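**Student:** Construct all of the structure, not just a fragment, from the sequences and the given hints.
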Amino acid sequence: MERLRANNRLIKIQKLKKLRASLQRFEPQFDETIKTGFIPIDRDLAENEPKFEINGNAYSGSGNIAHNGVLALGAVHAVEAQTIHDMPAATGFAAHLASRFAHAAPIIWAQSRAAQSEWGDPYLGGLSAYRLNAHQLWYMRAIPESEFLWAIEEALGCAEVGCVVGACMASNLTMRATKRFGLTARRSRRSLIVVTPPHQQKLALTSKWQVAADGKDHWRVRLQGRFLNGFRTPSEWRLSTQDLMADQPITRLDDVGSFYG
Amino acid sequence: MDKLLSRRILVLSFPNWVTDISAPRVKQGKPFGVYAPAQAGLKLVAVNEPAKEIGLCAGMSVVDARALVPELELQELDTHLIQRSYALCARWASRFTPWVGFDTVPGHYSLVMDISGCAHLFGGERALVEIITNILSRRMISVRAAIANTIGAAWALSHYGAYEHIVLPVGCEYEALLPLPVAALRLPAASLDLCARFGLRQIENVAGIERSALTRRFGKVIVQRLDQAFGQLSEAVNPVVEPPQFRVQNTPLHPLIDMSQVVHYLNDMTAALSNLLSKEGRGAKRLDITLIRTDKARLSFSISMSQPSDLTSHMARLIDDRIERLNLSLDGAYGIDTLWLDAPRTAPMDMGQSHFERIISQSAPKIGYAFSALCDRLVGRLGATHFVRLSPHEDHVPERAVIYQTIFDHRPIKNVDAHTPQTRPILLLPQAEVIDVIAEIPEGAPRRFRWRRRLYEIASASGPERISPSWWRTAYGLDVGYTRDYFRLEDREGHRFWLYRDGLYTDETHRPHWYMHGFFA
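Chains as they are written, first to last, in the numbering used here: chain A, -10 to 250; chain B, 3 to 523.
In short, the hints are calculated from the structure, not lab data.
Every value quoted in this text rests on a predicted model; they were computed, and no experiment measured them.
Possibly wrong hints are sitting among the right ones.
[Stated by the list, open to error] To give an idea of the chain A side of the interface with chain B (calculated C-beta under 10 Å), a few residues:
hint	residue
1	Phe27
2	Pro77
3	Phe82
4	Tyr112
5	Gly114
6	Ser117
7	Ala123
8	Pro133
9	Glu149
10	Val150
11	Gly171
12	Asp203
13	Trp208
[Stated by the list, open to error] Just a sample of chain B residues kept apart from chain A, beta carbon distances all over 10 Å, derived:
hint	residue
14	Ile84
15	Pro108
16	Leu216
17	His256
18	Phe373
19	Leu376
20	Thr508
Every residue, glycine too, gets a C-beta built ideally from N, C-alpha and C.
**Tutor:** In structure tokens, the structure reads:
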């Protein structure tokens, strides 16, 4: 009787191992990341990410292949405002990240109806600071909450879109929705940036940035996420929006050919 | 000759169309007239029967009519409503026959329908006339109907015949038409004048004159009309609703009562339509879906596409999304027994770079089909006004400096010299919100303000930036805004606001209001 129970336990353990191994295949192995474009962030993240070698390949502490960047393509990133009044700062940060993801391809910006009544529509006059021009931006305005998730998923599934930005109230998002977005993003290799006011929900994200406005032309940005493991330097930066690398060309690991490949 | 004789034409004439449509609720028996502005004041365009009996007629001035009949009810002429209901009536009449045409004589409202071969479906010609006139009189529309072999004869009898419903047997045109007045021949006004001057009052006077003499005096028209009326010259009905070239029709064996069944049938029909389109090398730019219930009520909607497409999957997906958004529910008592899917607007598939492609190629060098398919899906489900592009516009007023352009709007997006991002916010509220402000009069920046029930203390301010409404708009009354003074404020916690004072003190208004308009990053 004892032996039977032990055998059953062994079988269960083996099954569990097999299941874990098969799930491991689905865990995203990000092999493409880009820099944020802010010199302090990129410098700190590049220096302090612990690396170790296995079979001649470098891996970072979180299991990803180590590169200089943090923002992974084909993933879901969140930009959260520190308080509801920091939403414009979060919008600006998201616009900057979107322009770096998309480079020259179209960016789809989706705003839910509640978001529009709370903090308004993005305005072209202010967006020009982030190198987004009117030709590139496709704006989904005042989408009802019931259609918001559908719209984001449709936009994310199209490989000819550069980047998708979704601004909504956090109650609209759930763990299941973000996991779905992650899978869609991975399949089409395009990124989603979610912009929300402060919230306590757990979402499946690759990186989470908290932004607060700090006076004229300054932001306080904090990074949360897997990359925190093993970091010793503070993951909080005070950025000047004039730090945006205006003069240097945007470099990405892959050339722009990956969009059209 | 035989073919002509076997045609049967039904003409419905509406002697009081304008008054019937303009005010169906006017009590019977009360005089009522429709007026429109004319050169010398307001003139009556049409009057109803009781008013005609009293002595009013079209063309009278309203002042005179009011003097004659003080209790006359009047309404302004709404040409749009008249035309629209006329078109709707023609569409309704097409349930009896697809060949429904409008009248070509100005000033008369009537429908010409070719009912050869379909009268037996409604129980015979008399029964058909009964049905039509019953339905129309229930809608308080007075109608006279006549069936004859030729358009000319039917028209004449319907407008000038002795009875309200006339069904003329084959071969009796001569006896029926001769006693009618000459105007029944649909002649132009000049010819009618001439006839009156010569004393030719009835058709029998005209029909007796030799052909060459008629042509010499009156021209070809009168001879043509005579021949058309008596059947020697053929005349075709110009159908109003042309059946589209690309149409797929499906009639299921049992009426459908479930939306999912409808969707299933529509998907099959999409495949058939796609075959039709690709055979001709064309793509659909618009899809019209019509569902016809067993009680002949119609449900129709249309989907526009940004680029011509003949792909089954794309069209089927658009239709599914639209049906889901419309959230239709079918009445269980009446199922759907006919489905139509047609493509009224098509374009050749291998056209060069289409306009839409040119628009997108401004943003990226190589955009393929997937992006326009995505646009179609998003617009189809959310609506065209919810998927827009931001287009800068030359205007000082900030909320008009950016206009939202739908994807069907083909105006190019201009590169307007924008303000520096230092002076313009990143977020703009759709409606500026009123706030309470403590500020120095007359032109000081705010020290403190209350917005959305919270108090904000200002640490620093810059401005004012004065934006006046465009003088060319205020001069014509298009704008009633005041001059705005915009301030960029920063509060103690580092958040930055963009608000304005609406109006200058003492110059424009005594109590200008303050509004919150936007936020800086």
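**Student:** Next item in the hint list is A/Ala123. Is there a CB on chain B closer than 10 Å to its CB?
**Tutor:** 5 Å, holds
**Student:** Grab the minimum C-beta distance from A/Pro77 to chain B and call the hint holds if it beats 10 Å, violated otherwise.
**Tutor:** Nearest chain B Cβ about 4 Å off; hint holds.
**Student:** Under 10 Å is the threshold here; is the Cβ of A/Pro133 close enough to any Cβ of chain B for the hint to stand?
**Tutor:** 8 Å, holds
**Student:** Tell me if A/Tyr112 is really an interface residue toward chain B, meaning its C-beta lies closer than 10 Å to one of theirs.
**Tutor:** 4 Å, holds
**Student:** Against chain B, with CB atoms and a cut of 10 Å, does the hint on A/Asp203 hold up?
**Tutor:** 5 Å, holds
**Student:** Against chain B, with CB atoms and a cut of 10 Å, does the hint on A/Gly171 hold up?
**Tutor:** 20 Å, violated
**Student:** Taking 10 Å as the limit, does the beta-carbon of A/Phe82 come near enough to a beta-carbon in chain B?
**Tutor:** 8 Å, holds
**Student:** Are A/Trp208 and chain B close enough, Cβ to Cβ, to be under 10 Å, as the hint says?
**Tutor:** 8 Å, holds
**Student:** Just double-check B/His256 for me: nearest Cβ-Cβ distance to chain A has to come out over 10 Å.
**Tutor:** At roughly 33 Å from the nearest Cβ of chain A, B/His256 sits farther out than 10 Å, so the non-interface label holds.
**Student:** Should the label of B/Thr508 as a non-interface residue stand, given a Cβ cut-off of 10 Å to chain A?
**Tutor:** Non-interface label stands for B/Thr508: nearest chain A Cβ at 31 Å, farther than 10 Å.
**Student:** Run the C-beta distances from B/Leu376 to all of chain A and say if the shortest one exceeds 10 Å.
**Tutor:** At about 4 Å from chain A, B/Leu376 fails to clear the 10 Å cut-off, so the statement is violated.
**Student:** A cut-off of 10 Å on Cβ-Cβ distance, and B/Ile84 was said to be off the interface with chain A. Does that hold?
**Tutor:** Non-interface label on B/Ile84 holds, nearest chain A Cβ at 37 Å vs cutoff 10 Å.
The structure shown violates the earlier hints numbered 1, 11, 18 and 19.
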